[in-house]
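Going line by line, the protein sequences match chains A and G.
Position 135 of the first sequence, counting from 1, maps to 135 under our numbering, and the rest follow consecutively.
Position 267 of the second sequence, counting from 1, maps to 267 under our numbering, and the rest follow consecutively.
Check the hints yourself; a few may be wrong.
Unchecked claim - Computed cross-link-like contacts, DMTMM-like style, restricted to lysine to aspartate or glutamate with a CA-CA straight-line distance of at most 20 angstroms:
no., chain 1, residue 1, chain 2, residue 2
1, G, K486, A, D84
2, G, K327, G, E218
3, G, K463, A, D84
4, A, K257, G, E241
5, G, K463, A, D165
6, A, K150, A, D165
7, A, K280, G, E241
8, G, K454, A, D84
9, A, K184, A, E265
10, A, K97, G, D452
Source of the hints: derived by calculation from the structure; they are not laboratory data.
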Amino acid sequence: MSKIEEALNKAKQSRDKALTSVKGIDSQERFPSSVRSIVPISSDEEDGIQRESSTKEISLMDNGEILNKNELAELKIIHSEMSDNKIANTYRDLRTKLIQKNPGKNFIAMITSCVPDQDSSPTTLNIATAFSFDESKTSLLIDCNLNNPKLDALLNMETDQGLTDYLEDNDIPVDSIMHKTGIKRLKTIPAGTARETATEYFTSLRMRQLMSDLLTRYSDRYIFLDTAPINESADTRILVELCDFVILVVPYGMATKGRVTEAVEAIGKDKLLGVVFNEKPKLPKFSFSNLFRR
Amino acid sequence: MNFAFEDILKVLTGEVFSRRNTVFALFFIISISLISLGSVWPKRYTSTSSILADGSDILQPLMQGTAEATRVNDQKSNAQEIIFGEKIMSQILLDAGWLEDNPTEIEQAQLKETIEGNISIEGGKGLIKISYRDSDPMRAYITTKRITELFIQEGEKSKINESQAAYDFIEKQVNEYLEKLTAVEEQLREFRSNNPDARPGLEAEVANRITRLTGDIEKTHLELREAMIRSESLKKQLSGEAAITISQSKEGQYRIKIAALQEDLETLRLDYQDTYPDIIRLQHRIEDLKLSMNAEIENLNAAKNKAESSGGIYMDESIVLNPLYQKLRSDASKSETQIATLHARMNEMNKMLENEYDRAKRIHGGEASLAKLTRNYQVNQEIYQDLLRRMERARVSKNLDRENQGLTFKIQEPAKIPLLPTGIRFLHFMIAGIILGISAPIGLIYFMVQVDPKIRFSQIISKDLELPVLAEISVLSSHSDEVKTKQNLILLGLGVMVVFAVYGYVGWLKFTGQL
């Protein structure tokens, strides 16, 4: 175990203590507006020190084997050297907007789609990737679509333990469910192996604690929940409670107005940050050199 | 919600691109099927001729009022009547070679219907345009040519027939009126022979005569009265007058003379002696006269004695008839005669008047029937003369038509062998194939975009639903996707080229006439 990990563990333990100290409040307010209320917010001074240290920590973070740009392109993940950087820029703008709307603090963002069978996973992954572009930020992607997890496939990886395993087994440490993705500063928590009665997992205290823990451990860690489409899944509705805000993905030419309204009602106006209109058809750039280039 | 044209265009191009396979399939099907249709589509050749129906030639103004030029009021319907008539249609069937396959009656009827459907006749301002469409240019030409010729032939024939018929009709009428006129004339003649004094103006004449007679009678009557009055007065006068007056006898005359001589003698004696010759001559003369007077007295006595002795009346010489009495006597007698004459004349005149009255009565009935007959005669004569004039006009008209000087049909533009087919041609199919092939799928997609309630515009989210749109993200394609897209595009490009190649090839075949 590296030094960093030791340090992480220490920090975790201290946070756990803090969590247990506010457990009483939590049990009183069964459904707080978000896990943030559980966490005592650190002072600005502390935050500043922590940020400085975390950047260093981040630079030292073990990212595992990094995917090259071709692999990323193949996985339809944005990267900074894209030939058509319009999409990357769009994601960057989105990132900026999210940060602007939540100034000075990290957040848990839930990203959900309003169309069944049209999940938001690629968009979530790319938003998280866009956050990881910034060297001072890390992003964590949690696959909360327990019935139909997509992230592993999207990232082309195989994972053993995940969210459900952690929630079922108290002995499993958080670290063991966080996986490297091959993208710098981006980690994921996959859905996990046990996939039954998801609703119960998400309403559990351990889930709340996990969220709170993940959010508060690093102030520069941005957490993204990839969820099943909200119109279909009760789990997703429960997760709305656990996140700071929700981004609704409306795929082009798939959703009717009614469906969007339905999703917005399920989310609640106060939690909804905005809509991402994606899957817009894109014309390839026509040129002979482009056409015959392999 | 209304969207900017640019947005619609973007969405449309995006949709077209993402559905490019369907679009291409539609393009392929439409363009290929249209060019196939075009290559089997029958060519239609139209041959056209125009006929000038000239009703106003130089003769017309010359013959104005004398001859009626045959007019064609509705040339189009007239031409249709003639051309679609059984006669011309049958002739066309024969001439254009439709009867080579020996079609049955029903087939012939159907053929005629088809031909009629392919004939189009336009008429206006004296120009009749005849067009005929056919798949065979030669047949189109022959048919149009024959229709034109037959139409002119028929038209002229019908025109001649028409004027002939008019002439015949008028001639018949003329003969009819001639008969009538003759009959009336005969009646008149008969009437006249039966009523010789029945002449026009007879009544007036009779009336005149009656008036004159009446006047004469009155005059005569007056004369008669006058004569009678005169006679009366004469008679009266006559009765007061003696029939005989005593006149001086010879003896007395002698005495008067002697006295006168005596007186003269006396006178002379005063101056002269008795020896004076004149006194002596006077004495002698007195002597002589005394002797003559004595002789006379002796004669008279002797005559008196003689008459007394013979028993006769002796007329004293001094007794003479009264001349006034004689005159009155003669006047009265004259008057009597005149009265008798006037009476006779009066009677005669009265008789004549009666006669005239009779005649007047008689001619009064005759006059009415004469007037009737005369009127009949006049009316018939007028009509007959008018008809005669008309007949002459009709004869001229007939001759005009016969000499083709009236309404003439001239071929303004003869039928030609059509070189280019008319109607929808292969080129149209080619153009339509390309245009429809491109526009139909795009139109369909446009329609779908308009109708489909799915959200395709971010404006719907931001404006209609009032939700903040954080980002609009295009499809992110992987490299392999891009390669696939490229391959797909190359394939589609090849497909489009194939379609164009087919167009080019078929077009070439068509152009060179191999197809």
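inquiry  = What's the verdict on G/K327 and G/E218, does the C-alpha distance respect the 20 angstroms limit or exceed it?
reply    = 30 angstroms, violated
Worksheet item: Is it true that the CA of G/K463 sits at most 20 angstroms from the CA of A/D84?
Response: 29 angstroms, violated
_So if I understand the rule, the pair passes when the alpha-carbon distance is 20 angstroms or less; does G/K454 with A/D84 pass?_
Outside the cut-off at roughly 28 angstroms; violated.
Checklist entry - Between G/K463 and A/D165, does the CA-CA distance stay at or below 20 angstroms? => result 44 angstroms, violated
Quiz item: Straight-line Cα separation of A/K280 and G/E241 no greater than 20 angstroms?
Solution: It is violated: about 177 angstroms lies between the C-alpha atoms, which goes past 20 angstroms.
ask   = Between A/K97 and G/D452, does the CA-CA distance stay at or below 20 angstroms?
value = 31 angstroms, violated
Given pair status - G/E241, A/K257, alpha carbons within 20 angstroms: 170 angstroms, violated
Note to self: Just to be careful, I want the Cα atoms of G/K486 and A/D84 compared with a cutoff of 20 angstroms; is the pair within it?
What the structure shows: 16 angstroms, holds
Has the given pair, A/K184 with A/E265, been kept, meaning a C-alpha gap of at most 20 angstroms? 36 angstroms, violated
Would the pair A/K150 and A/D165 pass a check requiring their Cα atoms to be no farther apart than 20 angstroms?
17 angstroms, holds
Taken one by one, the earlier hints fail for this structure at numbers 2, 3, 4, 5, 7, 8, 9, 10, listed in ascending order.
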